[in-house]
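The residues making up each chain are set out below.
Number of protein chains: 2
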Amino acid sequence: MDKQALFHQIQKKSSFLCIGLDPAMEKIPHHLLKSADPYFEFNKQIIDHTADYAVAYKPNIAFYEALGPKGWESLQKTLDYIPKDIFTIADAKRGDIGNTSQLYAKTFFELMDFDSITVAPYMGKDSVMPFLEFKNKWVILLALTSNEGSNDFQQLEDASGKPLYQEVLIKSQDWGTEDNLMYVIGATRGNKIETARKLAPRHFFLVPGVGAQGGSLEEVARYGMNTSCGLLVNSSRGIIYASSGEDFGKAAQQEAVKLQQEMKQYLDLYCR
Amino acid sequence: MDKQALFHQIQKKSSFLCIGLDPAMEKIPHHLLKSADPYFEFNKQIIDHTADYAVAYKPNIAFYEALGPKGWESLQKTLDYIPKDIFTIADAKRGDIGNTSQLYAKTFFELMDFDSITVAPYMGKDSVMPFLEFKNKWVILLALTSNEGSNDFQQLEDASGKPLYQEVLIKSQDWGTEDNLMYVIGATRGNKIETARKLAPRHFFLVPGVGAQGGSLEEVARYGMNTSCGLLVNSSRGIIYASSGEDFGKAAQQEAVKLQQEMKQYLDLYCR
Numbered sequence: 041m042d043k044q045a046l047f048h049q050i051q052k053k054s055s056f057l058c059i060g061l062d063p064a065m066e067k068i069p070h071h072l073l074k075s076a077d078p079y080f081e082f083n084k085q086i087i088d089h090t091a092d093y094a095v096a097y098k099p100n101i102a103f104y105e106a107l108g109p110k111g112w113e114s115l116q117k118t119l120d121y122i123p124k125d126i127f128t129i130a131d132a133k134r135g136d137i138g139n140t141s142q143l144y145a146k147t148f149f150e151l152m153d154f155d156s157i158t159v160a161p162y163m164g165k166d167s168v169m170p171f172l173e174f175k176n177k178w179v180i181l182l183a184l185t186s187n188e189g190s191n192d193f194q195q196l197e198d199a200s201g202k203p204l205y206q207e208v209l210i211k212s213q214d215w216g217t218e219d220n221l222m223y224v225i226g227a228t229r230g231n232k233i234e235t236a237r238k239l240a241p242r243h244f245f246l247v248p249g250v251g252a253q254g255g256s257l258e259e260v261a262r263y264g265m266n267t268s269c270g271l272l273v274n275s276s277r278g279i280i281y282a283s284s285g286e287d288f289g290k291a292a293q294q295e296a297v298k299l300q301q302e303m304k305q306y307l308d309l310y311c312r
Numbered sequence: 041m042d043k044q045a046l047f048h049q050i051q052k053k054s055s056f057l058c059i060g061l062d063p064a065m066e067k068i069p070h071h072l073l074k075s076a077d078p079y080f081e082f083n084k085q086i087i088d089h090t091a092d093y094a095v096a097y098k099p100n101i102a103f104y105e106a107l108g109p110k111g112w113e114s115l116q117k118t119l120d121y122i123p124k125d126i127f128t129i130a131d132a133k134r135g136d137i138g139n140t141s142q143l144y145a146k147t148f149f150e151l152m153d154f155d156s157i158t159v160a161p162y163m164g165k166d167s168v169m170p171f172l173e174f175k176n177k178w179v180i181l182l183a184l185t186s187n188e189g190s191n192d193f194q195q196l197e198d199a200s201g202k203p204l205y206q207e208v209l210i211k212s213q214d215w216g217t218e219d220n221l222m223y224v225i226g227a228t229r230g231n232k233i234e235t236a237r238k239l240a241p242r243h244f245f246l247v248p249g250v251g252a253q254g255g256s257l258e259e260v261a262r263y264g265m266n267t268s269c270g271l272l273v274n275s276s277r278g279i280i281y282a283s284s285g286e287d288f289g290k291a292a293q294q295e296a297v298k299l300q301q302e303m304k305q306y307l308d309l310y311c312r
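If you read the protein sequences in the order shown, they are chains A and B.
Per our numbering, residue 41 is the first one in the first sequence, and the count goes up by one each step.
Per our numbering, residue 41 is the first one in the second sequence, and the count goes up by one each step.
Honestly, the hints are just simulated from the structure, not real lab data.
Since copy identity is lost for identical chains, a pair holds within one copy or between any two.
The calculated lysine-lysine pairs, modelled on DSSO-like cross-linking and capped at a C-alpha distance of 30 Å, are:
(1) Lys67 with Lys110
(2) Lys43 with Lys175
(3) Lys146 with Lys110
(4) Lys117 with Lys74
(5) Lys175 with Lys67
(6) Lys124 with Lys175
(7) Lys165 with Lys211
(8) Lys67 with Lys165
(9) Lys74 with Lys146
(10) Lys146 with Lys84
(11) Lys238 with Lys165
(12) Lys53 with Lys124
(13) Lys84 with Lys124
(14) Lys43 with Lys53
(15) Lys52 with Lys304
Build out the structure end to end from the sequences listed, making use of the hints.
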């Protein structure tokens with residue numbers, strides 16, 4: 041999917057909501073455990089109920105990998121079920137030497153046809169480039185994450201006073217463009233999003249950490265939005281586990297609508 | 041496996057050789073393509089011919105993942121086939137927020153029973169800790185990798201003049217011990233290994249990049265060895281693709297023996 045198609049969908053749905061499809065056996069409604077493929081059954085109903093309000097779905101690969109080979113089948117079925125106009129993110133945080141990154145890229149972009157994959161920057165340019173060589177596919181590079189451990193290295197300042205995550209933002213803009221490179225920017229701090237936006241004015245940011253992880257959507261929109269929206273804001277647990285009963289699809293829908301309604305306001309206010 | 045058992049095996053075999061099990065359809069001998077599970081068949085023969093000379097096997101997960109669900113079956117069969125006294129490394133370079141890292145840890149340590157997994161440090165402490173909570177299991181943390189891109193961020197100096205990879209080495213020693221934490225240290229530069237060894241005198245280092253990637257084994261041993269050896273030196277392509285004919289197992293054995301013989305000398309010289 042290209043940037044224009046993504047922005048078109050954001051405008052059409054008045055939403056920049058990304059939903060994390062992270063099923064877990066101990067959390068999905070009990071009645072699904074009887075089905076042949078509980079993860080797919082769960083995701084299918086989440087998608088059925090939220091596809092009108094979400095512009096992206098983000099399965100975290102760890103959840104599927106944990107089931108062994110059948111988890112990969114659930115993942116593939118889920119991906120195939122997502123409507124083609126919705127952006128898909130393999131949250132895999134891969135990154136390895138060149139020929140290995142190329143294999144990962146083929147796996148997620150060709151074998152599975154995801155639109156994008158999250159990539160860790162630690163191994164540098166030649167670990168990221170192989171992902172950028174696929175037409176209409178995207179790298180979402182970890183810059184600033186929302187967990188406590190982001191303080192350990194991402195915030196470490198270099199000799200010029202720049203934290204590592206800013207070096208990642210600056211240097212990686214030589215590797216890709218606003219048409220194939222996005223960044224993960226943790227949502228827990230408004231001033232950090234403002235700084236990141238100054239450093240990468242036209243790139244999309246994937247923002248985790250709104251909702252369960254406690255970030256403010258208004259702050260994210262105010263400081264992070266650009267003229268093409270430039271934001272995908274993710275919510276996982278707050279939506280997919282809104283109810284543990286048979287009504288989980290409807291409950292997920294209600295939460296998705298709530299976020300979409302709020303997002304609509306911010307699009308009107310800040311996306312100009 | 042604990043550190044003592046690993047060192048015992050190193051002494052018994054006079055070897056600190058790790059073999060990368062990275063099969064690829066276009067590279068494994070043609071006659072194997074007819075078998076039901078070419079990757080397992082390939083690995084099985086490599087293991088049969090090299091198990092007396094290697095102390096560790098390291099499947100790079102990308103190669104198996106690229107086959108979809110059946111790749112994970114080949115991986116599991118390979119792992120089950122490796123003799124139990126040989127150290128196993130899931131070269132997966134994972135790392136995510138806490139609950140996700142915990143899932144990855146369960147997948148590789150419980151579902152699949154690997155002894156260790158490679159982990160990327162970018163997301164910091166809480167992304168690494170979940171892997172360290174499993175008894176007799178190991179994290180092999182990326183510190184300094186052997187690819188060109190290691191210059192982009194790993195060598196970036198902070199305000200005190202310390203490159204990032206040194207910060208990783210120093211800070212992470214508060215998270216784990218020499219009994220559950222190793223480091224990836226790229227082999228292409230002897231002085232870097234010397235520095236890393238000073239910063240982490242007692243931890244094991246996994247050293248890629250000897251052979252195909254051009255590092256000198258003698259230099260690695262001279263600067264990197266400690267009293268418990270402290271080194272696992274990996275070779276992949278130089279061993280597993282030593283021949284593309286039906287004699288590939290024997291050819292792999294010859295290359296493994298060559299390295300083991302050289303390693304024996306260095307163990308006598310430097311491991312004291």
